[in-house]
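J.: Residue-level listing of the chains:
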Amino acid sequence: MNEQLTILLVVVPLMIAPITALFKSHTISWILTAIVSLTSLILSFIILFDVIDGSHVIYELGGWRPPWGIEYKIDSLNAFIALIVSAIACLSTIFAWQSVPKEINENNYGLFYAALQLCLLGLLGIALTGDIFNLFVFLEISSLSSYALISMGRSRKALTAAFSYLILGTIGATFFLIGVGFLYAASGSLNIADIATRFSTFADMQLVMTGFIFILLGLGLKAAIFPMHSWLPNAYGHAPSVVSIFLSATATKVSIYVLIRVLFDLYPVAYWQALLLPQILLVLGCVGVIYGSFRAWQQVELKRLLAFSSVAQIGYIIIGISLLNNDGITASVMHLFNHALIKATLFMGAGIILYRTNTTKLSELRGFGGSMPWTFAAIVLAGLSLIGVPGTVGFVTKWYLLSGAIAQGKWIVVVAILAGSVLAIAYVWKIVEAMYFNSKRKMVIQNVKIGDINLAKAPFSLSLALWIGAAGCLYFGLYTELPYQSAQSIATALLSSEVAP
Amino acid sequence: MSLMLNLVLLVFLLVMAIAVLKTKHLFAMAMLFGLYSLLVAGLFVVLDAPDVAFTEAAVGTGISTVLMLVTLASIKDGHEAVSTTQRKIGPLIICLVMGGLLIFGTHDIAKLGEIHSPPNDQVAAHYITQGQAETGVPNLVTAVLASYRGFDTLGEVTVVLTAGIGVLLLLGQRRKIHVKKRGQAHDDQ
Amino acid sequence: MMINDLILRVVTKWLSPIIILFALYVQFHGDYSPGGGFQAGVIFSTAILLYALTYGLDAALKVIPETALRVAASFGVLLYGGVGVVSMLLGGNFLNYSVLADTPLAGQHIGIIVIELGVGITVAAVMILLFFTFSRRVDPE
Amino acid sequence: MIEYILGHINYWFIIAVMMVGLYTLISRTNLIKKLAGLAIFQTAVILFYVSLGKVTGGTVPIVDEAYTLYSNPLPQVLMLTAIVVGVATTALGFALVIRIKEAYNTIEEDAIFTLDQKDHE
Numbered sequence: 001m002n003e004q005l006t007i008l009l010v011v012v013p014l015m016i017a018p019i020t021a022l023f024k025s026h027t028i029s030w031i032l033t034a035i036v037s038l039t040s041l042i043l044s045f046i047i048l049f050d051v052i053d054g055s056h057v058i059y060e061l062g063g064w065r066p067p068w069g070i071e072y073k074i075d076s077l078n079a080f081i082a083l084i085v086s087a088i089a090c091l092s093t094i095f096a097w098q099s100v101p102k103e104i105n106e107n108n109y110g111l112f113y114a115a116l117q118l119c120l121l122g123l124l125g126i127a128l129t130g131d132i133f134n135l136f137v138f139l140e141i142s143s144l145s146s147y148a149l150i151s152m153g154r155s156r157k158a159l160t161a162a163f164s165y166l167i168l169g170t171i172g173a174t175f176f177l178i179g180v181g182f183l184y185a186a187s188g189s190l191n192i193a194d195i196a197t198r199f200s201t202f203a204d205m206q207l208v209m210t211g212f213i214f215i216l217l218g219l220g221l222k223a224a225i226f227p228m229h230s231w232l233p234n235a236y237g238h239a240p241s242v243v244s245i246f247l248s249a250t251a252t253k254v255s256i257y258v259l260i261r262v263l264f265d266l267y268p269v270a271y272w273q274a275l276l277l278p279q280i281l282l283v284l285g286c287v288g289v290i291y292g293s294f295r296a297w298q299q300v301e302l303k304r305l306l307a308f309s310s311v312a313q314i315g316y317i318i319i320g321i322s323l324l325n326n327d328g329i330t331a332s333v334m335h336l337f338n339h340a341l342i343k344a345t346l347f348m349g350a351g352i353i354l355y356r357t358n359t360t361k362l363s364e365l366r367g368f369g370g371s372m373p374w375t376f377a378a379i380v381l382a383g384l385s386l387i388g389v390p391g392t393v394g395f396v397t398k399w400y401l402l403s404g405a406i407a408q409g410k411w412i413v414v415v416a417i418l419a420g421s422v423l424a425i426a427y428v429w430k431i432v433e434a435m436y437f438n439s440k441r442k443m444v445i446q447n448v449k450i451g452d453i454n455l456a457k458a459p460f461s462l463s464l465a466l467w468i469g470a471a472g473c474l475y476f477g478l479y480t481e482l483p484y485q486s487a488q489s490i491a492t493a494l495l496s497s498e499v500a501p
Numbered sequence: 502m503s504l505m506l507n508l509v510l511l512v513f514l515l516v517m518a519i520a521v522l523k524t525k526h527l528f529a530m531a532m533l534f535g536l537y538s539l540l541v542a543g544l545f546v547v548l549d550a551p552d553v554a555f556t557e558a559a560v561g562t563g564i565s566t567v568l569m570l571v572t573l574a575s576i577k578d579g580h581e582a583v584s585t586t587q588r589k590i591g592p593l594i595i596c597l598v599m600g601g602l603l604i605f606g607t608h609d610i611a612k613l614g615e616i617h618s619p620p621n622d623q624v625a626a627h628y629i630t631q632g633q634a635e636t637g638v639p640n641l642v643t644a645v646l647a648s649y650r651g652f653d654t655l656g657e658v659t660v661v662l663t664a665g666i667g668v669l670l671l672l673g674q675r676r677k678i679h680v681k682k683r684g685q686a687h688d689d690q
Numbered sequence: 691m692m693i694n695d696l697i698l699r700v701v702t703k704w705l706s707p708i709i710i711l712f713a714l715y716v717q718f719h720g721d722y723s724p725g726g727g728f729q730a731g732v733i734f735s736t737a738i739l740l741y742a743l744t745y746g747l748d749a750a751l752k753v754i755p756e757t758a759l760r761v762a763a764s765f766g767v768l769l770y771g772g773v774g775v776v777s778m779l780l781g782g783n784f785l786n787y788s789v790l791a792d793t794p795l796a797g798q799h800i801g802i803i804v805i806e807l808g809v810g811i812t813v814a815a816v817m818i819l820l821f822f823t824f825s826r827r828v829d830p831e
Numbered sequence: 832m833i834e835y836i837l838g839h840i841n842y843w844f845i846i847a848v849m850m851v852g853l854y855t856l857i858s859r860t861n862l863i864k865k866l867a868g869l870a871i872f873q874t875a876v877i878l879f880y881v882s883l884g885k886v887t888g889g890t891v892p893i894v895d896e897a898y899t900l901y902s903n904p905l906p907q908v909l910m911l912t913a914i915v916v917g918v919a920t921t922a923l924g925f926a927l928v929i930r931i932k933e934a935y936n937t938i939e940e941d942a943i944f945t946l947d948q949k950d951h952e
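Protein chains in written order, with the numbering used here: chain Z, 1 to 501; chain E, 502 to 690; chain F, 691 to 831; chain C, 832 to 952.
Warning: the hint list may mix true and false statements.
Claimed, not checked - Calculated from the model, a selection of chain C residues having no Cβ within reach of chain Z, i.e. all distances over 10 Å:
| # | residue |
| --- | --- |
| 1 | I840 |
| 2 | Y880 |
| 3 | Y898 |
| 4 | T899 |
Stated by the list, open to error - Straight-line Cα separation of at most 25 Å, DMTMM-like style, residue types lysine to aspartate or glutamate; simulated pairs:
| # | chain 1 | residue 1 | chain 2 | residue 2 |
| --- | --- | --- | --- | --- |
| 5 | E | K577 | F | D829 |
| 6 | E | K525 | C | D941 |
| 7 | Z | K73 | Z | D53 |
| 8 | E | K525 | C | E939 |
| 9 | E | K525 | F | D695 |
| 10 | E | K589 | C | D947 |
Unchecked claim - Now the in silico label distances, taken between C-beta atoms and shown as ranges:
| # | chain 1 | residue 1 | chain 2 | residue 2 | range |
| --- | --- | --- | --- | --- | --- |
| 11 | C | M832 | E | A634 | 21 to 27 Å |
| 12 | Z | Q408 | C | T890 | 56 to 62 Å |
| 13 | E | K577 | Z | Q273 | 44 to 50 Å |
| 14 | E | F528 | Z | A274 | 49 to 55 Å |
| 15 | Z | I412 | E | A529 | 39 to 45 Å |
| 16 | C | M832 | E | T630 | 40 to 46 Å |
| 17 | E | F528 | Z | V415 | 54 to 60 Å |
| 18 | Z | A203 | C | T890 | 32 to 38 Å |
| 19 | E | H617 | Z | A274 | 25 to 31 Å |
Bear in mind the hints are in silico, worked out from the structure with no lab data behind them. None of the values given here were measured: they were computed from a predicted structure. Built from N, CA and C at the ideal position, the CB exists for glycine as well.
The following block holds chain Z by itself, in its conformation from the complex (with noise of 0.2 Å):
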């Protein structure tokens, strides 16, 4: 494979994006949209075929060797997640063609993909890189898409949900800069592989310890971990829907895949082993998963129903990377995949269901599912993909997840995975009651003049986006290769480095 390959699945967005923002008209800008998150699906397929071996491909940007200049260093896991993130970028982008003319003003069509274009940009730059600086600047630009994006949500609770993410994510990168100030205090380097290669030279020294809690902390606030989670409900329930559909399945993968980027390579395993962090990791897995399923059943409004579930699901996650065997990581990375999925599905029957009805909340889509069997269909599916019931991408998650907690005797961590479950379906059940069951009488659109046409049905590339999330949350369930072996390849080189038993 050509390695400059790797370089063009960032240069493409970099390149068009600046263009898109020139343009006022919806087809050319969602054209351009729709070629950068093409280009960058076949190019993440490519260099994932290249590299799911266990083996790497390094490129020197500008030519400068490491730690000197800016490297990236590929392996399956950096292709893996530019994989989920190109992949919900095309699907995000489907669906954009006809739920975008309604939500965003005509004048902002260019500069709103261009945002959602430099967003992708920011994900994929996280998801490459190998200098821990550099990752900083590509988190910098994908937050401040996302803040941008966020607040174009129609309710004026976006601003605000749109500014205390602004406030909390600033917080969270500016501390992941103190960290990385006080390792670099330390080291004297900003490369990931040659921090690591030399940790044991400053491994005992105060600075150290003190970057890896800032970072940590960073990190956390950025990935939505339990107890960090207060930005994510109100962000993501309240941005247009083309936005929840593509940040709430990516920003916060790509956050957790830094920190699995810190926690195995950059900081020797042995080293937060005795920090005592897989035990904190585990608790907070924890509590996340039955907190977040249980604020979820709480929620009288979808979107925001959604969004706990995501802290749930970050939870399980988290669970999966403090269990430090190969099962565990093996669940943790899949479930990157396979969640993201699943949200992008439920988003996108949340934002199907807005584009209709002009409303989310649960009370008032009643009979819902009788009048759009179809989206309704595709709802249920995701849903019981989220509940984990076999044949569905949630069930091979969770199947491992177990199997990892058994052979390591949590028992808690079983606990835990059941409790999440009971309260999955119980919050999914809300759903569907609400919208089957009570089908007394007929769906009400709501603030719509009667005789919309353009209301009648689901539209076409709403639908078609749908069910393309809807019948991968089954694909990858029955035939699980892809994710797996990915996974597998991941967890093996991720452990390679040293794990006391």
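Given chain Z, work out where chains E, F and C should sit, using these hints.
T.: What follows is chains E, F and C alone, placed relative to chain Z:
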């Protein structure tokens, strides 16, 4: 000598930061904030970082303060409300813990100005000895910024563009109605 | 936002070109002295800011229309990225300026000047754009 | 002991400024005040980085035959980027504040919270 100057400026800086915290008048706060940035720029000069000082002076005292003033002019609300429910204890504890942690961390940091500290000996040493020979630029900050870490700078320019796009998305449209009444700006406009 | 003060107007008229000249110096002399694209961009924008503050937003918009600013903001990033793409086409890695000319040092020289220009253009354009967009929200009273 | 204090006191002061910024950011309810706190917090972090590169007796990192000892250019480069990121964040924050003021007619966080609660009922 430069250490003393550094200390004096830092004391002023701390005073200024506390003044920003305490003042209730937001226009005064904007001015204090400008002064704070100017002091920081001065500190950068003492720390032999004229490029950073230049930028901080132009951005902190210039652009940021002007934007703050324009925002204040636009929202016509010059005072911070005296809040009854102001949270004080929680934030104080967080800050003390974080500050304590940072001071704990700086225990084994190389002392200020140490010639052979890890940050100066590892990667940076290469820039100083080879920088001009490899890039042909005597200003090593420019050499690292534009060439060795040119990709970071590309990212930085993209951040600027992103901020521009974001602000245009938020404020690009002319306002429809001047002052919205509370009820009008409701969820479902 | 117009200010009717003769002294201020005359001073601004004289000061703006000098600030712009200084910005250009900082832009192109950044290899040898402190400064570079970013600083130059900000300084350039302050010249326009000063003009807008004394002569009013509309007068400033006549000097630099908003469309031009938007194009310039995008153009700077494209220029920077373009240098990277060109170096890829010439067989080097992304942003490897050494392949841009016959000798690596000459290539580095060209590359650094062009990307600094890109930085300067984008920063100046975005800063002016920010100021214009914000100050349009201030009610003329 | 005195040497230890002299070597570290700068960092302690920087940390103190940092924490004043953080405190302003999380304890105040006024949105503009919060953003000012955020800017102070970030600037202090920038100061911390630049301090790392200071070399006693060194000069500005511009190569000249008259000097042999230079300050470390790397933290300075990183912080140029960080300053830009900081101003980009504050600008976006101010834009949001203007929009929030238009939508809620207040920029106090607790007042906004009360208005949002009312919407729910």
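J.: Compare the structure with each hint and give your call.
T.: Outcome of the hint check:
1. I840: For I840/C, whose nearest Cβ neighbour in chain Z is about 16 Å away, the distance exceeds 10 Å, so it holds.
2. Y880: Answer for Y880/C: violated, closest chain Z Cβ roughly 5 Å.
3. Y898: 22 Å, holds
4. T899: 20 Å, holds
5. K577/E - D829/F: Answer holds: K577/E to D829/F is near 9 Å, not above 25 Å.
6. K525/E - D941/C: Cα-Cα ~17 Å, so holds.
7. K73/Z - D53/Z: With Cα atoms ~15 Å apart, K73/Z and D53/Z stay inside 25 Å; holds.
8. K525/E - E939/C: 13 Å, holds
9. K525/E - D695/F: Cα-Cα ~32 Å, so violated.
10. K589/E - D947/C: Judged against 25 Å, a Cα distance of about 23 Å means the pair holds.
11. M832/C - A634/E: 21 to 27 Å: Given about 43 Å between the Cβ atoms, the range is violated.
12. Q408/Z - T890/C: 56 to 62 Å: 57 Å, holds
13. K577/E - Q273/Z: 44 to 50 Å: 56 Å, violated
14. F528/E - A274/Z: 49 to 55 Å: Check passed, 52 Å falls within 49 to 55 Å.
15. I412/Z - A529/E: 39 to 45 Å: Given a distance of about 54 Å, which is not inside 39 to 45 Å, the answer is violated.
16. M832/C - T630/E: 40 to 46 Å: 36 Å, violated
17. F528/E - V415/Z: 54 to 60 Å: 57 Å, holds
18. A203/Z - T890/C: 32 to 38 Å: Hint holds: Cβ distance 34 Å, inside 32 to 38 Å.
19. H617/E - A274/Z: 25 to 31 Å: Check passed, 29 Å falls within 25 to 31 Å.
Against the hints set out earlier in the document, violations occur for numbers 2, 9, 11, 13, 15, 16.
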